[in-house]
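Starting from the given sequences, assemble the full structure and let the hints guide the process.
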Amino acid sequence: MPRATSKRKAPPSTSASVTSSDVVSTRPGKRGKKDVDKIGDLFDVYVNKSLDMIDPEGIVSFCSHLGVDHTDVRILMLAWKMKAEKQGYFSREEWRRGLKDLNADTIAKLKKALPGLEKELMATPKFEDFYAFAFQYCLTEDRQKSVDIETVCELLNLVLGPKYRSQVDILTKYLKVQSEYRALNADQWRHFYRFCKEISFPDLEDYDSDQAWPVIIDNFVEWMKENKQS
Amino acid sequence: MSLPTKRSSSTTTTSSSSSSSSPLTSPPMKKAKSQSQPDSKNGLFHHHHNSSDNDDDGRRAQPDNLSRKKAQPPQPGKKQFVIKPFKAKPAVPKNLEEETWEILKSAICAIFEKKPVSCVLEELYQAVYNLCVHKMGGSLYQRIEKECERHIAAALQSLVGQSPDLVVFLSLVERCWQDLCAQILMIRDIALYLDRTYVKQTPNVRSLWDMGLQLFRKHLSLSPEVEHKIVTGLLRMIEKERLGEAVARTLINHLTKMFIALGMYWESFEKPFLECSSEFYGTEGVKYMQQSDVPEYLKHVEKRLHEEHERCLLYLDASTRKPLVATAEKQLLELHIPGILDKGFTMLMDGNRIEDLQRMYTLFLRVNALEALKQALSSYIRKTGQKMIMDEEKDKDMVSSLLEFKASLDTIWEESFSKNEAFCITIKDAFEHLINLRQNRPAELIAKFLDEKLRAGNKGTSEEELEGTLDKVLVLFRFIQGKDVFEAFYKKDLAKRLLLGKSASIDAEKSMISKLKTECGSQFTNKLEGMFKDIELSKEINESFRQSSQARTKLPSGIELSVHVLTSGYWPTYTPMDVRLPHELNVYQDIFKEFYLSKYSGRRLMWQNSLGHCVLKAEFPKGRKELAVSLFQTVVLMLFNDAEKLSFQDIKDSTSIEDKELRRTLQSLACGKVRVLQKLPKGRDVEDNDSFTFNDTFTAPLYRIKVNAIQMKETVEENTSTTERVFQDRQYQIDAAIVRIMKTRKLLSHTILITELFQQLKFPIKPADLKKRIESLIDREYLERDKNNPQVYNYLA
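Going down the list, the protein sequences come from chains A and B. Our numbering numbers the first residue of the first sequence as 294 and each following residue consecutively. Our numbering numbers the first residue of the second sequence as 447 and each following residue consecutively.
Just so you know, these hints were derived from the structure itself, not from any lab. All values reported here derive from a predicted model rather than from experimental measurement. A portion of the hints provided could be inaccurate.
[Stated by the list, open to error] Covered by chain A, per the in silico footprint, the following chain B stretches (three or more residues, Cβ under 8 Å): (1) 835 to 844; (2) 1209 to 1217.
[Said to hold, decoys possible] Straight-line alpha carbon distances no greater than 27 Å define the calculated BS3-like cross-link-like pairs of lysine-lysine that follow: (3) B:K956 - B:K985; (4) A:K438 - B:K1233; (5) B:K1212 - A:K469; (6) B:K842 - B:K929; (7) B:K1233 - A:K412; (8) B:K789 - B:K842; (9) A:K438 - B:K1218; (10) B:K581 - B:K646; (11) A:K490 - B:K1233; (12) A:K521 - B:K1212; (13) B:K961 - B:K937; (14) A:K342 - A:K376; (15) A:K438 - B:K1192; (16) A:K419 - B:K1233; (17) B:K937 - B:K985; (18) B:K1218 - A:K466; (19) A:K469 - B:K929; (20) B:K1233 - A:K379; (21) B:K1212 - A:K518; (22) B:K852 - A:K490; (23) B:K1152 - B:K1063; (24) A:K438 - B:K956; (25) B:K973 - B:K985; (26) A:K518 - B:K1218; (27) A:K456 - B:K1233; (28) B:K1233 - A:K376; (29) A:K521 - B:K1218; (30) B:K1091 - B:K1119.
Each residue gets a CB set at the ideal place from its N, CA and C atoms; glycine is no exception.
As structure tokens, then:
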């Protein structure tokens, strides 16, 4: 989602000026599919018609209506809820799935639902899934397997930061200093979380490089120990 | 020996005449006694000696008596004739005991006082005999004991307060002891019958001799001053001897024997003696360790141990040897093991002091300190070798200094460490550690060392010497963990030797290969062997090419060509280098190719221009020369057939040799030893704007000139690419090993996988490297981490 920054000008003219309440009121819709349609209507506000998807620009305006920065973790959470596949885009189906799950068909409802979503995801059982999703979500290209260090750092800050602030701070610092890796894969990403969860910090006493830790974490621990001495 | 018969007759007569009084006489004794009588001075010993004779006689005589006694009872029954015995039963005179004792006592006194005994010894014996026969043995024994005690006590008492000079005092003790021995012996001889009958028949009674000793011991311990003085005297004397003074060894010997006889040796003498020795050597050890260097110290220790050994033979009891030597060993050696090793081991090793090291080994063996010696050896090898290995400036001599080092270690092992198996292993281990201290470079240098030895022009070494060197180098090779590095460099150098015909001896080459084969198996050498096969096959191909119709009809004249056909895979990988060949050569190549492919269809020939070499005929104004040059050099030189002066760019354009290679080629032609070209402007390096001219002033003493030496030399790029290729190969090998293991195990924990990899992979490697390969395989989806256990990998089919 950090990629969502759009350089294209002119947000879709229809949706940009319209407030959420307007949208709801303009289309009373049929009874049976009321909710669905409401959700669908909301989708139409941001949609890029030629793609039948909300594109990065749509997301930006959606975020501004929501009063949330598009780089906020909560947007990523929404994406998780929608099971969004492609970064910077929401398909109609994904949108429906997510909003229905959240029981929200207006921007206002969505706003209300967000704190609950955040709470849900930051709790352990779902966090892991969300954490893995966050990385997967960054793989935009076909056959892309790794994400560049810079993005990884932002992502770590966003996703892991709230839970493990001190670890993430030092880890991102190391990632920027080291020169061996330019991009990281899902395996390494997964292990950052494991590392934060399992290893006592910052003494690292229970760390054992003879275990299956990826080399980048071995190196990180090594680097920390060296820096501690000096 | 007519005597016995005579005697027996006399016996009968006497006995018949005085049958009842027979107890008082013992005729056989008479004779024996009388025999010994004349020599009374030596009587002591004679007596002793004769006593056995007496014994014999006595035994022989007894049966007579017995038979007579047995014969007597029937006599009254017969009543044929009666011999009237004494009416009164002969009674023992009432004061017999007292009187006899008086005689004996005075004799004993005389003996103790060293005065002549007033009566004949025989009578005394008789007296004892009489008392014994009348069952007065017990009281006689007590009386004798009492009497002896009195005298012995007096004798020992007389020692109290005697001379403060210990030696004088000891001599007094010695005399006193010897006197007493003689006296007691004499008394025993007199009272021999008592010893034989009463003592033997009564339990818990000591023989007279033992009684004498017992009394002596009793009174010695009653005067501790004397005992203490004796012991101190002895210790002082031994110490003096240890300090190099001559002492009366016999005196010591007698006194220790006295202690032994008295049974006091171990408690009263040996214990303080060992303590004293321990103290003495304790001090000496510390002092000498400070004063002298290690070889001297060891010599001293050896001498000391020998002395102590001798001492036991000379004047101590044999049982003292073990504890005594052990004490000396402990104080002189055991306690100083670390000191000796710290102070002297390196020095001895550096100085190659076989004899001193042998001494050290033997001494250390005695105190079970070989382990420490082994450790010292190991750390010595590591430390000394490290200097050879780690110093990059000494790379050139690394192999030869290692060989020398190993040879000297082997000699020391053989001659000083008596070929101890454990030491052999220590040396091996230390060497292995050493050589692998530095990655790759030693392996490379060993390969290069071999190249130097196997390359032609190594004059002065015989086949045997060369063979010997190869064997020695092989020992080093054995220690190397990264044998693949060795192989790569060896192969590269071998290729050059074979292709440029620079090998000193094909026999030596083949012998080396077979050595490597026995060392590492045929897998290691089959490529190397393939190279030899290629060379031989090439000879045949060239021969048949020369005789082929193509060659005879189509070949340009004036050129001879010989081709090595190399099987790719056997040989090092060569990057093909472009070069625009002169027309004649191109034609030649094509004809050969046609010939070859007609013979071996389906093959692909690729020309390796960088490996070619030529002999050119050159007409210099100052003479005709033959130039042995590389193909690149040839191509450049041929340009000057048609031009006088060419710029760098010209040459580059018309040869299309790669830039760096071309510069090197030009440098060899214009800036080296042999300058067939001239560079303008002059200078060592070839610049873009340089130009070159044919050197028409060229002279050289020889007709045939080698310019291609540069081809033999290894370039930096060559070196790095060889090394890189080895590393690349290793990565493949790791990947293959991981996949192989995982394929059979399907599911395996990280630790076990790493362990198995270390077992399978034959080159040194760090766990981090393995992890990286594992991660790479995870990335490439050969493996995955188990969802539930991050320490476990699954194989993905």
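Each hint, compared with the structure:
| no. | hint | result |
| --- | --- | --- |
| 1 | 835 to 844 | violated (count 0) |
| 2 | 1209 to 1217 | holds (count 3) |
| 3 | B:K956 - B:K985 | 17 Å, holds |
| 4 | A:K438 - B:K1233 | 19 Å, holds |
| 5 | B:K1212 - A:K469 | 25 Å, holds |
| 6 | B:K842 - B:K929 | 20 Å, holds |
| 7 | B:K1233 - A:K412 | 25 Å, holds |
| 8 | B:K789 - B:K842 | 32 Å, violated |
| 9 | A:K438 - B:K1218 | 16 Å, holds |
| 10 | B:K581 - B:K646 | 14 Å, holds |
| 11 | A:K490 - B:K1233 | 16 Å, holds |
| 12 | A:K521 - B:K1212 | 24 Å, holds |
| 13 | B:K961 - B:K937 | 15 Å, holds |
| 14 | A:K342 - A:K376 | 21 Å, holds |
| 15 | A:K438 - B:K1192 | 24 Å, holds |
| 16 | A:K419 - B:K1233 | 16 Å, holds |
| 17 | B:K937 - B:K985 | 20 Å, holds |
| 18 | B:K1218 - A:K466 | 22 Å, holds |
| 19 | A:K469 - B:K929 | 38 Å, violated |
| 20 | B:K1233 - A:K379 | 25 Å, holds |
| 21 | B:K1212 - A:K518 | 20 Å, holds |
| 22 | B:K852 - A:K490 | 54 Å, violated |
| 23 | B:K1152 - B:K1063 | 12 Å, holds |
| 24 | A:K438 - B:K956 | 51 Å, violated |
| 25 | B:K973 - B:K985 | 19 Å, holds |
| 26 | A:K518 - B:K1218 | 21 Å, holds |
| 27 | A:K456 - B:K1233 | 23 Å, holds |
| 28 | B:K1233 - A:K376 | 21 Å, holds |
| 29 | A:K521 - B:K1218 | 26 Å, holds |
| 30 | B:K1091 - B:K1119 | 21 Å, holds |
The structure does not agree with the numbered hints 1, 8, 19, 22 and 24 stated previously, though it agrees with the rest.
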